[in-house]
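Please work from the sequences and hints to get the whole structure.
Residue numbering for the sequence shown is 5 to 136, as defined by my numbering.
One or more of the hints may lead you astray.
[What the hints assert, rightly or not] Now the in silico label distances, taken between C-beta atoms and shown as ranges:
no. : residue 1 : residue 2 : range
1   : Arg132    : Ser54     : 20 to 30 Å
2   : Ser84     : Val7      : 36 to 46 Å
3   : Ser54     : Ala100    : 15 to 25 Å
4   : Lys21     : Ala126    : 35 to 45 Å
5   : Ala14     : Glu124    : 33 to 43 Å
6   : Thr118    : Thr35     : 27 to 37 Å
7   : Ala40     : Asp79     : 28 to 38 Å
8   : Glu96     : Leu32     : 21 to 31 Å
9   : Glu44     : Ser125    : 15 to 25 Å
10  : Ala40     : Glu124    : 38 to 48 Å
11  : Val7      : Arg128    : 13 to 23 Å
It is worth saying that the hints were derived from the structure and are not from the lab. All residues carry an ideal CB built from backbone N, CA and C; glycine is no exception.
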Amino acid sequence: EAVMVDVDGAEAVLITKGIDSPAGVYVLPLTDSSEAVTLERVAEFDIGESISAADLSADGRVIAVRTPTRVLLFDRPATSSIAAALAEEPCEAASAPERQGEAIALHPDGRGYTTLSERESATRNDFRLPES
Numbered sequence: 005e006a007v008m009v010d011v012d013g014a015e016a017v018l019i020t021k022g023i024d025s026p027a028g029v030y031v032l033p034l035t036d037s038s039e040a041v042t043l044e045r046v047a048e049f050d051i052g053e054s055i056s057a058a059d060l061s062a063d064g065r066v067i068a069v070r071t072p073t074r075v076l077l078f079d080r081p082a083t084s085s086i087a088a089a090l091a092e093e094p095c096e097a098a099s100a101p102e103r104q105g106e107a108i109a110l111h112p113d114g115r116g117y118t119t120l121s122e123r124e125s126a127t128r129n130d131f132r133l134p135e136s
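Rendered as structure tokens:
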């Protein structure tokens, strides 16, 4: 599962693992309310593996989704929601042969990402994105 906060700070997006069924995408408004808030399921997607992590670029235009063995990148147009972007076809990106890929972080400059495995002595793997 994964959690991201949109760059405008208005909502958090949660993605379920999706082990035996498509992953659910839920939106949580980030309001200054003491009221209980119910997550709203806004989308689902099935990539054939469980979701272990996700990140949103600093400018909000790229979403990285991590599975135990793959990295998927989703383009997010400026007028699109995170959920709508996740409904589009991803681009598979490079990943290292990690035993159990569990973490991803997009670099602040938007030019790459880092992955880590969930094991002792995990190696940090850094990747650069092609210039666009």
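Structure-based check of each hint:
1. Arg132 <-> Ser54: 20 to 30 Å: 27 Å, holds
2. Ser84 <-> Val7: 36 to 46 Å: At 19 Å between Cβs, range violated.
3. Ser54 <-> Ala100: 15 to 25 Å: With Cβ atoms ~18 Å apart, the hint holds.
4. Lys21 <-> Ala126: 35 to 45 Å: 20 Å, violated
5. Ala14 <-> Glu124: 33 to 43 Å: 38 Å, holds
6. Thr118 <-> Thr35: 27 to 37 Å: Once the Cβ atoms are compared, 32 Å apart, the range 27 to 37 Å for Thr35 and Thr118 holds.
7. Ala40 <-> Asp79: 28 to 38 Å: 35 Å, holds
8. Glu96 <-> Leu32: 21 to 31 Å: Holds, since Glu96 and Leu32 (Cβ atoms, about 28 Å apart) stay within the stated range.
9. Glu44 <-> Ser125: 15 to 25 Å: 40 Å, violated
10. Ala40 <-> Glu124: 38 to 48 Å: 39 Å, holds
11. Val7 <-> Arg128: 13 to 23 Å: 21 Å, holds
The structure does not agree with the numbered hints 2, 4 and 9 stated previously, though it agrees with the rest.
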